[in-house]
Structure formats: C-alpha cells, structure tokens
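Turn these sequences into a full structure, and let the hints steer you where they fit.
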Amino acid sequence: MPIAGVLILTNIEEAQEVLVNLNTVENVTTYGIHKQNYIIAVLEGDTPKSLEILSQSITNGISGVIGVYPTYVNYEDDEAEG
Amino acid sequence: MSKKYTRREFIKTSAAASAAAGIGVSLFPGMTFANQSGGTNWHKSVCRYCGVGCGVMIGEKAGKIISIKGDELNTVNNGHLCVKAFYLHKAVNSKTRLHHPMIRKNGKLVKSSWEEALDLVATKFNEIRKANGGNALAFYGSGQGETEETYMANKLFKGCIGTNNVEGNPRLCMASAVGGYLSSLGADEPVGLYEDIEKAELFFLAGSNTAEAHPIIFERIMRHKTRNPNVKIVILDPRKTPTDQVADLHLFPKPGYDLAIFNAMAKVLIDEGYADDDFIAKHLVMKNGDGVQDFETYKKFLNDYTPEIAEKISGVPAQDIIKAARMFGKAKTAMTLWTMGLNQRKRGVWANNLVHNLHLITGKIGVPGSDSFSLTGQPNACGGVREGGGLCHLLPGHHLVVKEAHRAKVAKVWGVPASNIQPKPGKHTIAMFSALNEGEIKGMYIMCTNPAQSLPNAKKYWKGLKEQFVVVAESFYPTMTTEYADVVLPAAFWTEKEGVYGCTERRSQYMPLVVAPQGQAKWDAFILRDLGKKMGFEKEFAKYETAEIMWDEYRGLTKGKDMNLMGASYDRLKKVRGLTWPVPTEDHPGTYKRFMAGDPIYDSKFAELAKKEGRRMYFYGPKAKDGKATVWMRPHDDPAEPTDSEYPLALTTGRVLEHWHTMTMTGTAPELNRAVPNAYVEINPIDARNMSIKNKEQVVIETRRGSMQFEARVIDRPVQGTIFVPWHWENKPINVLCIDAFDPGSKEPEYKVAAARIRKA
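Taken in sequence, the protein lines are chains C and P.
If you're matching positions, the first sequence starts at 86 in our numbering and goes up one per residue.
If you're matching positions, the second sequence starts at 73 in our numbering and goes up one per residue.
Just so you know, these hints were derived from the structure itself, not from any lab.
Heads up, some of the hints might be wrong.
[What the hints assert, rightly or not] If you want the footprint, here are the derived chain P segments under chain C, 3+ residues with CB under 8 Å: (1) 282-290; (2) 417-423; (3) 763-770.
[Unchecked claim] Covered by chain P, according to a simulated footprint, are these stretches of chain C (three or more residues, beta-carbon under 8 Å): (4) 113-121; (5) 146-156.
Ideal Cβ placement from N, Cα and C applies to all residues, glycine included.
Given below as structure tokens:
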C-alpha cells in the first residue's frame, strides 16, 4: 500500500477549516498547520493512482485548498505490509 | 506492536518528516528517516514529466524502485513534487512496457530478435537512400528524449545519411517561443531563472494554466504571494482554470484575438509614463516589416490599438486591459509566464514578440524579479531539441545548417565530410509528414513520441504512416503510431538509462541509470548507434561506448557559444543539482542573468562596451545587432480559421491534470481511468442554453476536418463562444479535428483555435 508525505497549500484564512475537513477524510493523517498555510499530511492508498485520486479529491473537494505537493512517495507495497 | 505495524508507521513518519522538511519544519527532532534507512539506495535524478525540471530522489532496493521523494537540495522544487510523482514508479513498471522488438509480417506485428529488426531497418533505409537519396528518409524525435539520444539521431541523419529531415515534437509546442526569443532578444531561452519568482511583484500568466500544467511553478508563485500579499497575479486566458483561484484580474479574450491586448497594454504603459525611456534609448530598436523604425513610429503604430479598439477585437473590456497595464506598470518587478496558449498559434511568434515588448519598453528585464519567461511542456525540449539541435534547421550547440562554418565545425567533430551536412534546412514537422503522405519521404524513424495521435489534423497524416516504411522506437506498446509501424523497437525508459535533461531555466541536470532496462529494451542512443553501424557507418559510431562520451563530444560543440556547457562535465553534474548555462569552465557556478554583469560572456566580451554606452545589458545573441533587443510592431491577425456562421464556436484544446500527452504512461491505470474515464467537451452555460444542450448529454463536435462525439460538460469555464476539449484520449483523438495551419515563422501549428459547431448526438 503506497504512502505519501504531502504538503497541502491552502488559503491562509481557510487553513484551519481545511485542516478540520482533512481530518474527516479516510486515509489522510494530518500533522498540523505550518508556515501559515501549509498542512503536512500523509496519504495512504491501495495503488499509486489511488493516491493521486485522493489528492485530486482533496484539491477539488475541499474549499480553500490551493494545491497538494508530494515530497515523498513509498511504493514498497509488499515490504510495507510486512 | 507487530513488525508489520512498526514498518508501516515508520514509513508514515518518514513521509510526514519529508513533507515537513520541504518547508523547513522539523516534526520529529532527532529521528532517523527514510533516506538513511532500510537499505534503500537513493539516486539523485530529474522528474520524467514536464519541463520544470524538478529534482527527484529515486529510492532503489535490490534492483527495484520502491520510493520517490522530492530532492530537497534541488533549487527548482526544494523537495516538493506535483501529483505526477504518484505515478513515476508506476510508469516504469507499466504493463504496457514493450520488452522485445517487433516486425510487421503479413499485416501483424510479431516478436523478433534485435538482430533481425535492426538488419531490416538498416537494409530498408539503405535501399531507400540509394534509390531516392538521403532526403527520402526522416527522423522525428521528442522533447522527452535525452540530449545524448537526440545527439546520436542528429549525427546519423544529418551527418551520415545526409538529410536535414530531423524534427521533434517541440516543433509542436515550443517553436514559437524560440522564434520569439531569437527575434526579440537575439538568442533563444530566457534571460533569467526561476529564482526571479521569489523577487517578482507581479505575475502575468498568459495562455498558461500554471496550476495544472506546471504545478511546482504555481506553488512557488503562491508561496511567494502568501508571504507578500502585495504580489499580484493577472491572467490572460479564454478559459477559467484552477489557476484562477489566485488571480487578481482575469482577461478572457476570444481564442486567437489577444495580440491587440498586448499592443493596447503597451500603449497604456507608454501613454501613462510607465516606459523606461533610458532603457529604450540605449538597449532597443523598433522594427516592423519594413525594417528599423524610430520610437515615434512605434507610438503611431500603437494608436491603432487603444484599449477600446482592443476590446472590439478581443472581447476583453477596455477597462480591464487598462487595469492590467497599470498593474504591470506600477509593479517594480514583473514576470510574464506563458506556454501553449501563445505558442500554438498561427501568430505564435508575434504573440511572443508582444510579450517581450512589454518587458523591454518598461525595462522589466535583466533585473531580479523581472523576466519574460516561457514555460516548457516537456522535460528536455530545451536541452535536447532546442540546444541539442533536434530540428531541421539546427545543428548541436546552437549551430545552424545554413552556415558553412557551422557545418564544417560539426562535421569535423562527427568525423564526416562537411559535404554530408546539407546546407539547406530540412522539412519542418508538418511539411515532413506531408512529404510522407506524398511518398517524397519513404522511410521515417520515430523516437519517443506518438505523432499519429498528436499531430494536428492527425487523420490526414495517417496515410503516409501507413504507406511508407515507419520505424518506431518506444518504451510503451501499443500506441496509435505503432499501429502504423513496420518495425517497433523497445526503448529503455527513465531510470533505465543515464543522460542529461535541460529544463526551462537553462539548467542541465544529470540522470543516472538506476535499474536495468526491462526485457530486451535498449537505450535509444545505443539503438541509433547500432543502426548507424549496420547502415555502414561503423567507423563513425565506433567510439560511442558510453553516454559520457556522447555528452562530452556534444558539450565540446558548445564551447564559445552562448549556451556554453564546457563546465558541465558528467563528474560535476553527478554532484550538483544542475548547472545553468553559460557555464564555461568547471569552476564556474552557472549563470543567473544573461546579457549583463555576472554573465561570463558579457563580462569577458561586452561589459566594457556596455559601460562606455551607459548600458546595463548587451544582447549579444546571434540575431541581435549592436547588442540591442527589438521591439516588434506586430499587428492584429485573425486566427487561420475564424469562426463564422457555419462554424460559430472556437474549439480550443489542452491538458487535464490526471493525464499526460497521449496517455502512453498515464492511460493504463484503472483507478485513473475511472477518475477521468473519457474525453469531454466543456461548454459555456450560455452557449449550452442557446443550443438546448444539457450537462452530460452526448454531443457531436464538427469542424471542417471531421466530427467526433463527446459528453457535454456544461460549466462556467470557457468564455462564451468557446469550447474546450482535453486532447489525451486515443479513442477520442480531438487533434483529428484541429487545424494544421501553422505559424509562417516558427512552423508551429495552431492547435489552440479552430472553428467548430456542436449538435446533439
């Protein structure tokens, strides 16, 4: 199961609301708001593409999100599952 | 706690830490993270997708790629990537990777050996050459190929076979930008670098959906705007896109009618005192079709483009044009970023010229934070094709086939008679495929691109692909082009080969070989080398045993040129995050701004002269005279196919975030296809109401080249009178409906405007 660390860029005034909304999304773990309008998050999906779809749904489905920028993607599917 | 849980949590923590590091935050002080853990070998490389040139770190374990992360040390992206990173690994291991050569027998492509396939290609190419001459053969390459690959193709076709019929798909996307830079500034490629983004007060995004097509550039702009609320963004685009969420002003022109807007902005800038008279007097010449003119003539020319007149031509309210001009003029620094919306036009070069004009007349060039900066669509369109000479009029290292001295210099390095290199340009892309249709070209080698789908008016050119001898070297199979191939050769893909990519900002970056090529796939440069040997050029290709040998020979040709890469050896490129030319020596750090202090060419040759003349820049490129840039008087010109009563809608095309080009890489993922399963047509709600078309209804788009059925997406995105279709899908190849008219200067086709009509299916 792929895992990605991402930076979610938001409008400053909506950052808190975006964080609250993100916390309701399955397979998303958040690590707070930083530098005013970046939310650090980890996305998990069944496949690399499901990660991409998840990130699209965040971009398009949550008001105030400007963009989702991965910094690390791990595909170590079998080994990750132990 | 189970081992499984521990491992997974560790990866999650590493992922979060990596994201935090991307913005200089430490989430877990003292903890060891992914780049030091688990036996993963990390390889510094460059992203495979667009032209931004993001640095990636490829995590490999036991010969398998297991992870990707942004390269925090790379100044292009500072560790951030766009969502395409999710797919980088998947593309390498796609089920559609081609693992063996194929030859068409009895109408079907069947598996063959390398020996049989290359023997067949060599024999057929030699037969064609002997019977019809070298110009009966052609090469069509890609802005995704490495510089070394294009270099081998150039040598084989231009230097050995003796034809300049060498083109690449950057002709379809960047040729107008090249023409604009050459004719306005005297030399190709931008003055500045991405680092101007963090110094700019205003961004003018013209014909660019930066948020979707160049997400990392967009993020840099956004990060900068967040920290500096006074930063403004003006958009010029006939379609509302995700980039709009940050726009301060959006101008919506009718597709193909924006030249008047640039001229009107220039008029306002001059009339309201925003022009830099000193810069104009010392650094610029004014020209029209009759030659050099004075500034007064330019001002008279602009009288034909008042904002009110521009409104009538473009549909953009005069007040918005004035507002945009004032924002541009008032800002201390400004960057214009553009891409296909300006380039893929019948007057793409003129559109580029008019963008440069705005920067030149205001002196917003050659200072930190100001530049007219073309964004590129493919990862090596600049490095491999523009710099590497992968077009019909070029030779490697910004040399030209028409110049005898250039031919002699390149021929000497190649070890071929200078007479082998033809003195006239070969056929540009549209002419080349037309000649294939007509049988004038009888054999074509296509590398790393899919012209059967991507050419404008594509169906017209299937005839030649079907009738002539066509070789396709590809990593993926099938494609629309392999459907017509006589031979298909399996090419090694990204991570399976080493080489250099040169991105938008003049930055050349090294990519390592990380894993072995899949199946029998081979590196394109070696395929071309081996083909050359089989065609009888054994001596000419004997020495190319490594990528480094090819690169060293190529960079030797750049010595003394404006794009000097002599300081960019493999040894050095393996250590650094790319180098921005000119970089003349191994101890030179690379150049931030060209044509001014700090540029080694300026410093050594032109600084003294510039000082004498009281100038801060000297445009020393091959097309500039006396070191001066040119302000061009470019009039309005209609698109090649204006709308009319018969075809009242303007059809424009573009990308969606989820797919890339002809989907050879992105099209095989079921999840993605479920997310964006089909092509569609965006229709403005007013147009839809007038035509009684409902959302999700099936409609037929008709142009003078054919018709195609799509699902209607009624949405407030395209300006009224315009429809938009993304171009990726093989089963809905919208380029079949696009016009193949092209810019007379750049020869780049006008994908962005065609007259169309819609009816219910």
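Results of checking the hints against the structure:
1. 282-290: As far as the stretch 282-290 of chain P goes, the hint holds, because 4 residues have Cβ atoms under 8 Å from chain C.
2. 417-423: Not satisfied, violated; 0 residues make the cut.
3. 763-770: As far as the stretch 763-770 of chain P goes, the hint is violated, because 0 residues have Cβ atoms under 8 Å from chain C.
4. 113-121: With 5 residues close enough to chain P, the hint holds.
5. 146-156: Contact hint for the stretch 146-156 of chain C vs chain P: holds, 6 residues under 8 Å.
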